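Novice: Okay, here's what each chain looks like letter by letter:
Protein chains: 2
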Amino acid sequence: MLIDVLPSAGSPWMPDLRNKIAIVIDVFRATSTMVTAFSNGCQAIIPVLTTEEALEKRINQPWCLLGGERRALPIEGFDVGNSPFDYITEKVKGKTIVMTTTNGTRAIHAVAKAQKVWIASFLNADSIVDAIDRYIKDNSEVNGIVIICAGSEDRFDIPDTLCAGMLVDMLGKDIEVNDLGRAAQMLYNISKSNLEEALKMTEHGRLLQSIGYEKDVKYCSQSNILQITPILEDGQIICK
Amino acid sequence: MLIDVLPSAGSPWMPDLRNKIAIVIDVFRATSTMVTAFSNGCQAIIPVLTTEEALEKRINQPWCLLGGERRALPIEGFDVGNSPFDYITEKVKGKTIVMTTTNGTRAIHAVAKAQKVWIASFLNADSIVDAIDRYIKDNSEVNGIVIICAGSEDRFDIPDTLCAGMLVDMLGKDIEVNDLGRAAQMLYNISKSNLEEALKMTEHGRLLQSIGYEKDVKYCSQSNILQITPILEDGQIICK
Numbered sequence: 001m002l003i004d005v006l007p008s009a010g011s012p013w014m015p016d017l018r019n020k021i022a023i024v025i026d027v028f029r030a031t032s033t034m035v036t037a038f039s040n041g042c043q044a045i046i047p048v049l050t051t052e053e054a055l056e057k058r059i060n061q062p063w064c065l066l067g068g069e070r071r072a073l074p075i076e077g078f079d080v081g082n083s084p085f086d087y088i089t090e091k092v093k094g095k096t097i098v099m100t101t102t103n104g105t106r107a108i109h110a111v112a113k114a115q116k117v118w119i120a121s122f123l124n125a126d127s128i129v130d131a132i133d134r135y136i137k138d139n140s141e142v143n144g145i146v147i148i149c150a151g152s153e154d155r156f157d158i159p160d161t162l163c164a165g166m167l168v169d170m171l172g173k174d175i176e177v178n179d180l181g182r183a184a185q186m187l188y189n190i191s192k193s194n195l196e197e198a199l200k201m202t203e204h205g206r207l208l209q210s211i212g213y214e215k216d217v218k219y220c221s222q223s224n225i226l227q228i229t230p231i232l233e234d235g236q237i238i239c240k
Numbered sequence: 001m002l003i004d005v006l007p008s009a010g011s012p013w014m015p016d017l018r019n020k021i022a023i024v025i026d027v028f029r030a031t032s033t034m035v036t037a038f039s040n041g042c043q044a045i046i047p048v049l050t051t052e053e054a055l056e057k058r059i060n061q062p063w064c065l066l067g068g069e070r071r072a073l074p075i076e077g078f079d080v081g082n083s084p085f086d087y088i089t090e091k092v093k094g095k096t097i098v099m100t101t102t103n104g105t106r107a108i109h110a111v112a113k114a115q116k117v118w119i120a121s122f123l124n125a126d127s128i129v130d131a132i133d134r135y136i137k138d139n140s141e142v143n144g145i146v147i148i149c150a151g152s153e154d155r156f157d158i159p160d161t162l163c164a165g166m167l168v169d170m171l172g173k174d175i176e177v178n179d180l181g182r183a184a185q186m187l188y189n190i191s192k193s194n195l196e197e198a199l200k201m202t203e204h205g206r207l208l209q210s211i212g213y214e215k216d217v218k219y220c221s222q223s224n225i226l227q228i229t230p231i232l233e234d235g236q237i238i239c240k
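Chains as they are written, first to last, in the working numbering: chain A, 1 to 240; chain B, 1 to 240.
Hints were generated in silico from the structure; no laboratory data involved. Note that the coordinates shown come from a computational prediction; the quantities given were computed from them, not determined experimentally. Please note: incorrect hints may appear among the correct ones.
It does not matter which identical chain is meant; a pair holds if it fits inside one copy or across any two.
As the list claims (entries may be wrong) - Cut-off 20 Å, straight-line C-alpha distance, at most; resulting in silico cross-link-like pairs (EDC-like, lysine to aspartate or glutamate):
hint: 1; residue 1: 192; residue 2: 234
hint: 2; residue 1: 93; residue 2: 53
hint: 3; residue 1: 173; residue 2: 203
hint: 4; residue 1: 116; residue 2: 196
hint: 5; residue 1: 95; residue 2: 126
hint: 6; residue 1: 200; residue 2: 176
hint: 7; residue 1: 240; residue 2: 153
hint: 8; residue 1: 91; residue 2: 138
hint: 9; residue 1: 218; residue 2: 76
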């Protein structure tokens with residue numbers, strides 16, 4: 001099984017996605033937040049690329065919540081931001097959320113044509129690996145896994161790369177990985193003893209701390225605390 | 001001093017290059033080969049993007065040699081390929097070489113607008129760092145360094161990233177680096193005890209070994225053996 005890790009939502013190179021499954025990672029914070037929302041009972045998340053598209057969606061589906069960020073801050077007129085702490089049970093239980101973020105929702109769109117797309121973060125890494133192991137056993141046509149790191153405004157980002165490295169590490173030994181996948185695994189292995197500290201020192205980690213989201217950084221660096229496996233189906237993310 | 005490392009020639013993100021100096025790395029093999037060519041007396045290298053452009057250049061400058069590769073192999077009708085072993089004194093001394101390679105010459109063009117552009121590889125890393133230290137002391141307006149890894153067909157590539165990590169490491173402690181620069185430095189520090197082995201295991205290293213260029217892989221993984229500091233000036237690379 002070949003694993004290709006891509007560095008950012010706008011990766012100039014994209015493998016052929018036929019017979020491939022994809023994993024999207026945006027540790028700070030879109031995928032960590034989505035996983036949290038499902039853990040708190042959210043019914044579906046519709047990832048869109050622009051705020052205009054989000055506002056339009058609500059015209060036809062006025063029961064939806066709008067969520068997301070621009071420059072890491074909540075969007076005016078939206079119901080929730082991009083902090084996992086916004087997505088509490090009282091707000092999101094049973095709800096459909098239309099979400100747009102700078103990097104995460106773009107990364108989801110970039111791999112939407114894969115046979116199956118999972119939403120991963122440190123919070124649910126082991127559940128995602130279990131779900132993929134099962135899926136591959138039942139679907140022998142699958143010949144590769146693409147892990148896309150959302151990155152940060154088209155730039156390589158250590159938090160997502162470390163999470164990709166964790167997934168590569170957990171997906172086992174019977175795999176071949178591209179250079180970025182192998183680098184990610186090496187970086188994860190030298191950082192895993194103190195992930196929170198490693199994430200705090202990154203560009204995105206420092207940005208979030210500087211605008212008052214220290215709690216988010218700490219929360220998103222926790223591994224395997226939520227047994228949640230969101231997947232993309234017909235343009236919306238659900239969790240069976 | 002801020003150092004930004006970019007993952008590939010086609011990086012979707014490019015910092016503002018004003019008042020910045022740039023370093024181009026293509027370990028396998030364009031920059032290693034250029035450094036070797038200058039060490040063997042080559043007078044100038046003109047980096048071009050296409051084979052057609054190279055052939056056209058020779059119409060007006062028939063004394064030029066043509067060099068480069070496509071899919072890691074020599075180009076039909078060209079005088080030299082992309083192996084450093086092609087660029088021996090008997091062939092290149094006193095010559096101007098028009099060169100086109102898949103990644104390296106594209107990376108040079110991507111940062112050509114920087115205030116100064118150096119050509120680096122493991123072979124000449126310490127000389128480049130010395131030259132940059134001197135240049136920055138004499139040019140106080142310089143406010144950043146951009147290190148562009150050529151990568152491999154728009155993909156992240158471990159060899160170039162390790163060399164970027166070595167440069168970041170050598171450029172000292174009074175610096176701020178982006179996430180990729182810091183990751184590169186970490187990767188370099190866990191690989192430096194056996195760089196040859198680390199490079200052999202990479203995607204590009206394995207490709208070169210599979211088509212008979214084992215010697216090139218071994219050669220390009222040697223650190224600081226050539227005191228050569230090529231720079232880009234008016235569209236051509238020279239070595240003062």
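Novice: I'd like to know which numbered hints this structure contradicts. Please list them from smallest to largest.
Specialist: Violated hints: 1, 2, 4, 5, 7, 8 and 9; rest satisfied.
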